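Chains S and Y, in that order, give the protein sequences.
For the first sequence, the residue numbers in this note's numbering are 1 to 71.
For the second sequence, the residue numbers in this note's numbering are 72 to 205.
Possibly wrong hints are sitting among the right ones.
[Claimed, not checked] Label-pair distances were calculated between CB atoms; the ranges are: (1) E22/S to R106/Y: 45 to 51 Å; (2) T7/S to R106/Y: 35 to 41 Å; (3) S13/S to S125/Y: 55 to 61 Å; (4) V56/S to I166/Y: 23 to 29 Å; (5) K64/S to E158/Y: 52 to 58 Å; (6) I166/Y to L12/S: 28 to 34 Å; (7) K64/S to R180/Y: 16 to 22 Å.
By construction, these hints were calculated from the structure, which means they are not laboratory data.
This one's a predicted model, so the numbers in the text were calculated from it and none came from an experiment.
Ideal Cβ positions, reconstructed from N, Cα and C, are used throughout, including at glycine.
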Amino acid sequence: MTDAKKTMTLNLSVEEMAALEELASAKELSKTGVIRQALRLYQLIHERTAAGEKLVFEDEKEGKKAEVMLL
Amino acid sequence: MTTRKIEIVRVADRAILDAELVTGLRPDDLIQIDREWLSLRQRVVRALNDAGVSSERWPESSGWNWVKKSAALRLMAIRGFGIRIDERWIGVSMINVAQYTAKLAPDQRKPLVYTEESVSIRLIRAAAFTSDME
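In isolation and in its complexed conformation, chain Y is listed as follows:
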């Protein structure tokens, strides 16, 4: 796991925040992140349920089994990375660097980096307050 300093822009007020980009996440890291986010995810699901939002419109990530997904990080084809601010994980993503190729010209059949799973705290928080979600 390697960490480097980055700056990210907070969309709400365009403020520039100091953050860390963490690459090479391991299965245990993903399980730990899932534990950190569990109570928030449960609150979001409750809020959506209470608001009568159809489960088809809940964020896809609300039902993901990260413990099961974490095993894929043992493979070289799958990479995990995340962003932290003040030791708190605010986003995490898994990408596949071996399995997919481009379908369209001019890059047809060339390797693609494919985002397998990606979620951020901002996304699941936002889901609690809007029913107009992707």
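If we strip away everything but chain S, and leave its shape as in the complex, we get:
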């Protein structure tokens, strides 16, 4: 992985920006940091589901399990 950076402008709706700011505050990350983490995670999930693995949300208390389907 290279340290070189590239800059882009991101157009978000008011709701999307509010969600980004809320996540940044909750995770104690910058907004760029949240976008970076989201991209890393999305790539990881994409690769693993493409390889045949499933992404699952599980509620142990309720005994519920649901597969997360990605676009």
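Once you have looked at the hints, place chain Y on chain S.
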């Protein structure tokens, strides 16, 4: 892949050694490191076997498939780095920077850097001479 000069302390005699910290390891780098360490790892496994040490107590890394693991370095969530002295790899580690969050307060649900795999020559050498391993 980037390299920077560092100093490390050799535990045995507290000597300070010049070393290189290499970040951004790629899959091919990990495969090359595995090739370099293969004969040593085989010797360690033989020695443990000859000494009658149960395989449950062998270093976890003795059975890792680094070629398979190396593919994960293509992902942005996984970072690989290592330490070299005089062009010889002495340690390598893979970390996950996206998948895990803290479980306990006050950092609950905040991102964690998680060490996926980590091994050093010192660890696998030591394993050959002691049965009191983690």
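Now for the hints, and whether the structure bears them out:
| no. | hint | result |
| --- | --- | --- |
| 1 | E22/S to R106/Y: 45 to 51 Å | 48 Å, holds |
| 2 | T7/S to R106/Y: 35 to 41 Å | 39 Å, holds |
| 3 | S13/S to S125/Y: 55 to 61 Å | 60 Å, holds |
| 4 | V56/S to I166/Y: 23 to 29 Å | 24 Å, holds |
| 5 | K64/S to E158/Y: 52 to 58 Å | 54 Å, holds |
| 6 | I166/Y to L12/S: 28 to 34 Å | 30 Å, holds |
| 7 | K64/S to R180/Y: 16 to 22 Å | 20 Å, holds |
Consistency note: the structure conflicts with none of the earlier hints.
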